[in-house]
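Trainee: Protein sequences appear in the order of chains A and B.
Per the working numbering, the very first residue in the first sequence carries number 1; after that it's consecutive.
Per the working numbering, the very first residue in the second sequence carries number 1; after that it's consecutive.
Hints are supplied without guarantee of correctness; some may be wrong.
Because identical chains cannot be distinguished in the list, a pair is counted as satisfied if it fits within a single copy or across any two copies.
Claimed, not checked - Only pairs whose alpha carbons sit at most 25 Å apart, straight line, appear in this in silico DMTMM-like list of lysine to aspartate or glutamate:
(1) K152 / E203
(2) K152 / E113
(3) K57 / E112
(4) K57 / E203
(5) K127 / D30
(6) K127 / E203
(7) K192 / E46
(8) K152 / D30
(9) K57 / D92
(10) K127 / D51
Simulated from the structure, these hints should not be mistaken for lab results.
There are 2 protein chains.
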Amino acid sequence: MGLMNEQNREMPLPLPTIRRYPLYLRCIRDMIAAGDLHVSSAVVAERLGLDPVLTRKDLAMSGVVGRPRRGYPAHELQHALNHALGWDNATDAVLVGAGSLGCALLGYTGFEEQNLNIAAACDADPKVVGQCPHGVKVRPMADLPELVKTLKIGIGILTVPNAAAQACADQLVAAGIRGIWNFAAVQLAVPKDVMVQNMDLAESLAVLSHAIARRRG
Amino acid sequence: MGLMNEQNREMPLPLPTIRRYPLYLRCIRDMIAAGDLHVSSAVVAERLGLDPVLTRKDLAMSGVVGRPRRGYPAHELQHALNHALGWDNATDAVLVGAGSLGCALLGYTGFEEQNLNIAAACDADPKVVGQCPHGVKVRPMADLPELVKTLKIGIGILTVPNAAAQACADQLVAAGIRGIWNFAAVQLAVPKDVMVQNMDLAESLAVLSHAIARRRG
Chain A
1 MGLMNEQNRE MPLPLPTIRR YPLYLRCIRD MIAAGDLHVS SAVVAERLGL DPVLTRKDLA
61 MSGVVGRPRR GYPAHELQHA LNHALGWDNA TDAVLVGAGS LGCALLGYTG FEEQNLNIAA
121 ACDADPKVVG QCPHGVKVRP MADLPELVKT LKIGIGILTV PNAAAQACAD QLVAAGIRGI
181 WNFAAVQLAV PKDVMVQNMD LAESLAVLSH AIARRRG
Chain B
1 MGLMNEQNRE MPLPLPTIRR YPLYLRCIRD MIAAGDLHVS SAVVAERLGL DPVLTRKDLA
61 MSGVVGRPRR GYPAHELQHA LNHALGWDNA TDAVLVGAGS LGCALLGYTG FEEQNLNIAA
121 ACDADPKVVG QCPHGVKVRP MADLPELVKT LKIGIGILTV PNAAAQACAD QLVAAGIRGI
181 WNFAAVQLAV PKDVMVQNMD LAESLAVLSH AIARRRG
């Protein structure tokens, strides 16, 4: 396992592979729950409706060695995929913007699977500061640098209105955050060593409505 | 314009292009608001930090004819991109699952830009039925077929727990929905003529946490 970890640290996995790892993890978890000790890439591919060649390559990139007929040792594969995603270590995040979307994320229980913990929340609105949605106390933006430093927070979740997004991103960067999960519909300008992942509702909806509009014709 | 519309109906645009159209639209809207009557693809690309060659090709696919030095007529380009996305016609959607994420979407004001109107909401929980989050009354699941038919609803927004997602998708399909915007972390099985667009929080977070985990090493 030591060798595998070294490898993951050096080689970034292809983005499409990384995007599929959460799917594989759910499938493997279900198979383990059903008593399977080994999982074959063919079975995983079939269950998820994916190309078996693609799934074989994706799982091979985990560094775990499978056996020709039995497949991969299930727990070891699960651990390796979690490790590749950084989900084997708990990650603390601070949420900036405790509006309706922000509060929904504070109450979202699905993040446990990813070992993501929203440890703190900030908002610029004095009416929102001091409230405690889903057990997380909302603090003023001025507290951000100290929160990030004291709680060793790595990820900022940005759920503010578009007009405020860049200014809040700047504050997150200044506070020492290393990654921003951006729910605002804005292209953020950040230093190169800060990673931004956009979660753009408009972009996602565009794909769906384009397909439906075409069929109307 | 007539010719252009015909073209769009016949030719699907490439997915990456469609994903960038909402970005272009925001940029064009800002430029129109600032008084610009023409927009050049080079300026749009620069503002968004995109490759100018890519942006030139994307905008050319709209079917609008630009002029060598002046660029595209701003309003015509805006109209064409909105049309390609199906955002020039109001689309009614029904939301299934009025939990914390569902209610956040009911209260989200950003959908006006995309002409998406969440006209109705359903939930299986009798305690939630009858509530009225953000002015939309939650109805029982049994009302779904009639709602879809009466209101001529095209899109179903799925914000239920993972375990309930497939069953609810089946009900949406049976009710005659043509597209599902799926917020559950489940690969849905649907007939080929129903379009599914996944909005997977885990997948998006995977990309961010993988990049940050690698840097830790």
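Trainee: Run every hint past the structure and note whether it holds.
Mentor: Checked hints:
1. K152 / E203: Only across copies: K152 and E203 sit 24 Å apart there, 32 Å inside one copy, limit 25 Å.
2. K152 / E113: within (21 Å within a copy, 38 Å between copies)
3. K57 / E112: Neither: 28 Å inside a chain and 42 Å across chains, both beyond 25 Å.
4. K57 / E203: Only across copies: K57 and E203 sit 18 Å apart there, 29 Å inside one copy, limit 25 Å.
5. K127 / D30: neither (44 Å within a copy, 30 Å between copies)
6. K127 / E203: Neither, since 31 Å and 33 Å both go past 25 Å.
7. K192 / E46: between (39 Å within a copy, 17 Å between copies)
8. K152 / D30: neither (33 Å within a copy, 38 Å between copies)
9. K57 / D92: For K57 and D92, the Cα distance exceeds 25 Å both inside one copy (31 Å) and across copies (41 Å).
10. K127 / D51: The answer is neither: 51 Å in one copy and 42 Å across copies each exceed 25 Å.
Violated hints, in rising order: 3, 5, 6, 8, 9, 10; the structure is consistent with all others.
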